[in-house]
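So the sequences go chain by chain: A and B.
The numbering used here puts the first sequence at residues 1 to 170.
The numbering used here puts the second sequence at residues 1 to 170.
These are calculated hints, taken from the structure and not from any lab test.
Incorrect hints may have been included.
Identical copies go unnamed one by one, so any copy, or any two together, can satisfy a pair.
Claimed, not checked - Straight-line distance between alpha carbons at most 25 angstroms, and here's what the computed DSS-like set of lysine-lysine pairs gives: (1) K92 x K161; (2) K95 x K139; (3) K107 x K168; (4) K168 x K148; (5) K139 x K91; (6) K41 x K97.
Note that the structure is predicted; figures quoted are calculated from it, not measured.
Number of protein chains: 2
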Amino acid sequence: MITVLRIGHRISRDKRITTHVALVARAFGASKIIIDTKDKKIEDTIYSINKRFGGNFEIESGVVTKKIINNWKGTIVHLTMYGEELNKSIKKIDKSKDMLIIVGAEKVRPLIYEKADFNISIGNQPHSEVSALAIFLDKFTKGLWQKKKFNGKLEILPTDKGKRVISKDS
Amino acid sequence: MITVLRIGHRISRDKRITTHVALVARAFGASKIIIDTKDKKIEDTIYSINKRFGGNFEIESGVVTKKIINNWKGTIVHLTMYGEELNKSIKKIDKSKDMLIIVGAEKVRPLIYEKADFNISIGNQPHSEVSALAIFLDKFTKGLWQKKKFNGKLEILPTDKGKRVISKDS
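With the rest of the complex left out, here is chain A (with noise of 0.2 angstroms):
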């Protein structure tokens, strides 16, 4: 199981960033987001495209970080532009276990790069969180995310003009 936690998040700067690494979180095969500031507005968002598109993703926010990481029964990996090479640490991890994945926004706290048992860059140019979790996923995954089924009440089919949706009304 892969729990995705945001920090730093703050309300009117990060809202899009924000619900974009949720999306990405849960497209790309995570269980469940947690973000550090109470945020009813993602929450909402995130419940909204589940119902839609399926699924039974998980979100919460406005948690104590410190204690979800001291507690975690798992791996913690720390998505950073100045830590390892992904090529070099992902063979590393024990895919047996549960995973914490924590994606900063700007600054992060040393504490976390201690705590975490991988500090893992995507490259080691400036890009996103964003980026750096959808990249991470997809190469941990092996790309199986592609594979999940979400089985909502929306279902879109691959096409090369236009838009084909399936609409299932529960």
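Given the structure of chain A, go ahead and fit chain B onto it with the hints provided.
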């Protein structure tokens, strides 16, 4: 040469998402981003990143996109959750041609679907244009974006704990 075209950019709503799209374009091997709406602040952010972290990634904003699309000599890829599966489409793209990758914000006009040579989806669940672009460029370049040298004043060296940064004065 890869150019990213960001359409539907609204300054107040999208400033951080579009900045992240631009940073992903830069980090994952594109040469340039074009943004439909003029946004001096994002331009400044990207030039400041270039100055510190190197490379000659270009940014242009406030552009008539219709002209860009109609005059494009090369391949046009449109990333959309409604598109054809990535794994199927990516093989068909001629790598010798210049590529324009269109990424929208919210709703995209039907014209874009028609003008694109390839409408490609990165999974068929909603996530983010930031992650879609990153995954596409990672697959398209077969991970080679990680090898690109930026030769910036600041260079980050991968490390398992803490931060290792080389700062070169020019």
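Taking each numbered hint in turn, which are not upheld by the structure, reported in ascending numerical order?
6
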